[in-house]
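Read off the chains here:
There are 2 protein chains.
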Amino acid sequence: MTIKEQIHQVKRQSARLAASSNEERNELLSSIAKGLLDDWDAIVRANALDLSAPDIPPAVRSRLVFSEEKRDAVIKGISEVSHLPDLIGKVLERRELDSCFILSRISVPLGVIGMVFEARPDALVQIVSLAVKSGNGIVLKGGSEAMHTNQALAASIMKSAEKSTVGNGWILLLTSREEVGEMLTANGDIDLIIPRGSNTFVSFVMRHTTIPVLGHSSGICHLYVSAHANLSMASLVAVDPKPTYPAACNAIETLLVDRSVASSFIPLVATALREKGVVIHGDKETCALVPDSIPYKDGDWGKEYLALELNIHVVSSLEEAMTHINTYGSHHTDAIITEDKAEGETFQRGVDSADVFVNCSTRFSDGYRFGLGAEVGISTSKVHARGPVGLSGLMSSKWLLSGHGELVATYTGKNARPFTHKELPL
Amino acid sequence: MTIKEQIHQVKRQSARLAASSNEERNELLSSIAKGLLDDWDAIVRANALDLSAPDIPPAVRSRLVFSEEKRDAVIKGISEVSHLPDLIGKVLERRELDSCFILSRISVPLGVIGMVFEARPDALVQIVSLAVKSGNGIVLKGGSEAMHTNQALAASIMKSAEKSTVGNGWILLLTSREEVGEMLTANGDIDLIIPRGSNTFVSFVMRHTTIPVLGHSSGICHLYVSAHANLSMASLVAVDPKPTYPAACNAIETLLVDRSVASSFIPLVATALREKGVVIHGDKETCALVPDSIPYKDGDWGKEYLALELNIHVVSSLEEAMTHINTYGSHHTDAIITEDKAEGETFQRGVDSADVFVNCSTRFSDGYRFGLGAEVGISTSKVHARGPVGLSGLMSSKWLLSGHGELVATYTGKNARPFTHKELPL
Chain A
10 MTIKEQIHQV KRQSARLAAS SNEERNELLS SIAKGLLDDW DAIVRANALD
60 LSAPDIPPAV RSRLVFSEEK RDAVIKGISE VSHLPDLIGK VLERRELDSC
110 FILSRISVPL GVIGMVFEAR PDALVQIVSL AVKSGNGIVL KGGSEAMHTN
160 QALAASIMKS AEKSTVGNGW ILLLTSREEV GEMLTANGDI DLIIPRGSNT
210 FVSFVMRHTT IPVLGHSSGI CHLYVSAHAN LSMASLVAVD PKPTYPAACN
260 AIETLLVDRS VASSFIPLVA TALREKGVVI HGDKETCALV PDSIPYKDGD
310 WGKEYLALEL NIHVVSSLEE AMTHINTYGS HHTDAIITED KAEGETFQRG
360 VDSADVFVNC STRFSDGYRF GLGAEVGIST SKVHARGPVG LSGLMSSKWL
410 LSGHGELVAT YTGKNARPFT HKELPL
Chain B
10 MTIKEQIHQV KRQSARLAAS SNEERNELLS SIAKGLLDDW DAIVRANALD
60 LSAPDIPPAV RSRLVFSEEK RDAVIKGISE VSHLPDLIGK VLERRELDSC
110 FILSRISVPL GVIGMVFEAR PDALVQIVSL AVKSGNGIVL KGGSEAMHTN
160 QALAASIMKS AEKSTVGNGW ILLLTSREEV GEMLTANGDI DLIIPRGSNT
210 FVSFVMRHTT IPVLGHSSGI CHLYVSAHAN LSMASLVAVD PKPTYPAACN
260 AIETLLVDRS VASSFIPLVA TALREKGVVI HGDKETCALV PDSIPYKDGD
310 WGKEYLALEL NIHVVSSLEE AMTHINTYGS HHTDAIITED KAEGETFQRG
360 VDSADVFVNC STRFSDGYRF GLGAEVGIST SKVHARGPVG LSGLMSSKWL
410 LSGHGELVAT YTGKNARPFT HKELPL
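So the sequences go chain by chain: A and B. Read in order, the letters of the first sequence correspond to residues 10 to 435 in the numbering used here. Read in order, the letters of the second sequence correspond to residues 10 to 435 in the numbering used here.
Be a bit skeptical, because a hint or two may be false.
Note that the list lumps identical chains together, so a pair holds whenever it fits in one copy or between two copies.
[Claimed, not checked] No farther apart than 25 Å at their CA atoms in a straight line, the calculated lysine-lysine pairs in the PhoX-like style are these: (1) Lys79 x Lys423; (2) Lys350 x Lys431; (3) Lys431 x Lys99; (4) Lys79 x Lys306; (5) Lys85 x Lys168; (6) Lys306 x Lys293; (7) Lys85 x Lys423; (8) Lys79 x Lys99; (9) Lys99 x Lys350; (10) Lys350 x Lys285; (11) Lys431 x Lys85; (12) Lys423 x Lys285; (13) Lys285 x Lys312; (14) Lys43 x Lys172; (15) Lys172 x Lys312; (16) Lys168 x Lys13; (17) Lys423 x Lys312; (18) Lys99 x Lys306.
Just so you know, these hints were derived from the structure itself, not from any lab.
Next up, chain A with everything else stripped away, as it sits in the complex (with noise of 0.2 Å):
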């Protein structure tokens, strides 16, 4: 079979898992929490095989490495996601067209999700519980760093899954680079593609397929100290996200200061950041006040450092933060410090980001902390789901209607019979 007939076949057997009850569902979550432990033995010479590739970077190692400490993670982890709430067939509207002749709009799983994703091994499980509880068939293809503990993780998931009685055509995992571009391809047999990883990457498939895309290619967060901002707040705000993970997509990249306390606040801010080992490229104002900053280059305002660097740039005004924001940021997650509650409020509506934030850390745009449960990524599309997409992002929706014979020729025309259109109770 070709790779395009393979998913093709995911698309028809997924209708199988899309048709289950929760129960179902759950048990098979927790077959494949159970096979993980089974097969863990062939897990972890996979991974070993893995990372005994030659000059692995420790960053990506760290990633890789599948400890049984990462796997009673994932594990505990397909255990929450079994206790969300079921949202297959949740009603999310009702209305009375006529006497008992009622529409619903019920909740339904998209089909098949195409995701791509870095080289984590753990994150290959957390997306699968994530399909199974959605209903959702998936279509994976992992970093080829982990190549070989992704193959030995999806083959002890679909043997747990060819026990149950949704079976396992649902699951696809491809192997290389060129896979992708099938699934890029697969219009009508994949309904979301979800790609995760360097900017270059989700770039590219958000301009090479025409299947809807959920996610984010850069993060450029903005934090704006206003005129009325408390300034100690504002430096512990503005330190907490870069340190912490500096190439998290929800960490600053340029902090906005309102001239009115830049003399003040500048400086404040510019040892805090020193000594968390933050390197400052800043504009004329920041630079005569901060003479170690490095001189604001064009394009700064617009780069994704994914590294301890950050722009500070000095501005007259709420509105030039605004403007600034909406021009350079990538509409991900920006926040401003104020006292003045009509300015936050100005501030969060004229921001045109997934997240506008007031007095808080632009880092807790995540699902975990969003209390979404868990997270298949951030988006900034504005259709469909937008920020932190935990399981309602992987869900669609379906009209039904049902009656005793009603005809469109009854309510039309001269003599129409009037629609009575009234909501109803959930």
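Since the structure of chain A is already known, use the hints to place chain B on it.
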């Protein structure tokens, strides 16, 4: 300015509309309605110019005429749209992350809608009124047959809007087909494209843009008459769709008949269809029962006739009917006639379409009939809005989080403070 620059201007200037109050938008709507009356003479002259073109087919002419009756209908429509509930800022979710640290998700406009529509001047007014109410900028391209009328309507609307608090920077009318290409590549400035028109055109749009598209190309809808159908009801429902509006996207193209009722039902429905002038394309069994039907040809099952023609096909089970629909249909609207409630539910679960009906006509698939107030189109996409799309399909959402200096560092690591993650009433 180039077209791209003009579209970018619309994006920039729509921010004012997005930030406007419901009162401001309703005032704008009422001055647009008043303006259409004030400018009526100019509109009539422009419409006469369009109607003076040689060789306009009668069907196009009847859509093209902008009579006083149509004007009054659109003015009534504007008033109805202004009375719809305001969705901007509507709270969709609320969750406590920690004491006094509240996350909410609110409804916001998408930004700018790119709309390509058929030669129906009344559609322009309807679309503009939905754009205004939802706070979205709009880039319009109407059918070229209606060019002068559209220009007169747009000029009137822009004149009315110019005097309003939100100005008229949020609307742009494109006039040439080539400019549609500029729309399809305006990523970042256009947030959603809604194409209406021929299947070929809509498919072209869907294949040639990476901007999200809302709509449907073909409407290949089915009615399945089950073994447990009330056959006289089935016959009435089968005849309802085609004659009322043969080219409607929600009219059935194939009537599937369970073998157990075929010999009694098919002659019955054939007579009823023949009376309405509907031509039958039949499979072997149908042709044996209805000798004057046209024998099935390869490809008929995937065809949208857009005329007084349909297929009749005998199937041996509910399963076969559902497989046929999921294989050959366009995932738009499909219905079953059955007196068996469980069978109806199985059909509604198993058919992968936007609208799945029991015991009623497929032509109920319509924004007005669904009680959505008005409709921009019917979506067969599974992400964002599915089925008839009203105001809510023109909305996105954003997450707001307001705190008192909360840091992610506090909620991370060994002594992490736990989140409360408590759902709050809306």
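Status of the hints after comparison with the structure:
1. In this assembly of identical chains, the alpha carbons of Lys79 and Lys423 lie at most 25 Å apart only when taken from different copies (16 Å versus 69 Å within one copy).
2. When the C-alpha separation of Lys350 and Lys431 is checked against a cutoff of 25 Å, the pair qualifies only between copies, where the shortest distance is 24 Å, while the shortest distance within a copy is 39 Å.
3. Within a single copy, Lys431 and Lys99 get their C-alpha atoms as close as 20 Å, and across copies as close as 21 Å, so both meet the 25 Å cut-off.
4. Taking the shortest Cα distances, Lys79 and Lys306 never come within 25 Å of each other, neither inside one copy (42 Å) nor across copies (58 Å).
5. In this assembly of identical chains, Lys85 and Lys168 lie within 25 Å of each other by CA distance solely inside one copy; the values are 20 Å within and 62 Å between copies.
6. In this assembly of identical chains, Lys306 and Lys293 lie within 25 Å of each other by CA distance solely inside one copy; the values are 11 Å within and 75 Å between copies.
7. For the homomeric pair Lys85 and Lys423, the shortest alpha-carbon distance between copies (18 Å) is at most 25 Å, but the shortest distance inside one copy (63 Å) is not.
8. Neither within a single protomer nor between protomers do Lys79 and Lys99 lie at most 25 Å apart by alpha-carbon distance, with minima of 33 Å and 40 Å respectively.
9. Taking the shortest Cα distances, Lys99 and Lys350 sit within 25 Å of each other only across copies (19 Å), while inside one copy they are farther apart (37 Å).
10. In the homo-oligomer, the alpha carbons of Lys350 and Lys285 never lie at most 25 Å apart, since the shortest distance is 31 Å inside one protomer and 66 Å across protomers.
11. For the identical chains of this complex, Lys431 and Lys85 are inter-copy neighbours only, at 21 Å across copies versus 44 Å inside a copy, given an alpha-carbon limit of 25 Å.
12. Taking CA atoms no more than 25 Å apart as the test, Lys423 paired with Lys285 passes between copies only; the shortest distance there is 20 Å, against 76 Å inside one copy.
13. Taking the closest pair of Cα atoms, Lys285 and Lys312 come within 25 Å of each other only inside a single copy of the chain (21 Å); across copies the shortest separation is 65 Å, beyond that limit.
14. In this homomeric assembly, Lys43 and Lys172 come within 25 Å of each other (Cα to Cα) only inside a single copy, at 13 Å, whereas the closest approach across copies is 68 Å.
15. Taking the closest pair of Cα atoms, Lys172 and Lys312 never come within 25 Å of each other, the shortest separation being 49 Å inside a single copy and 40 Å across copies.
16. Proximity of Lys168 and Lys13 under a CA criterion of 25 Å is satisfied intra-copy only: 23 Å inside one chain copy versus 53 Å between copies.
17. Taking the shortest Cα distances, Lys423 and Lys312 never come within 25 Å of each other, neither inside one copy (63 Å) nor across copies (33 Å).
18. Taking the shortest Cα distances, Lys99 and Lys306 never come within 25 Å of each other, neither inside one copy (52 Å) nor across copies (41 Å).
Violated hints, in rising order: 4, 8, 10, 15, 17, 18; the structure is consistent with all others.
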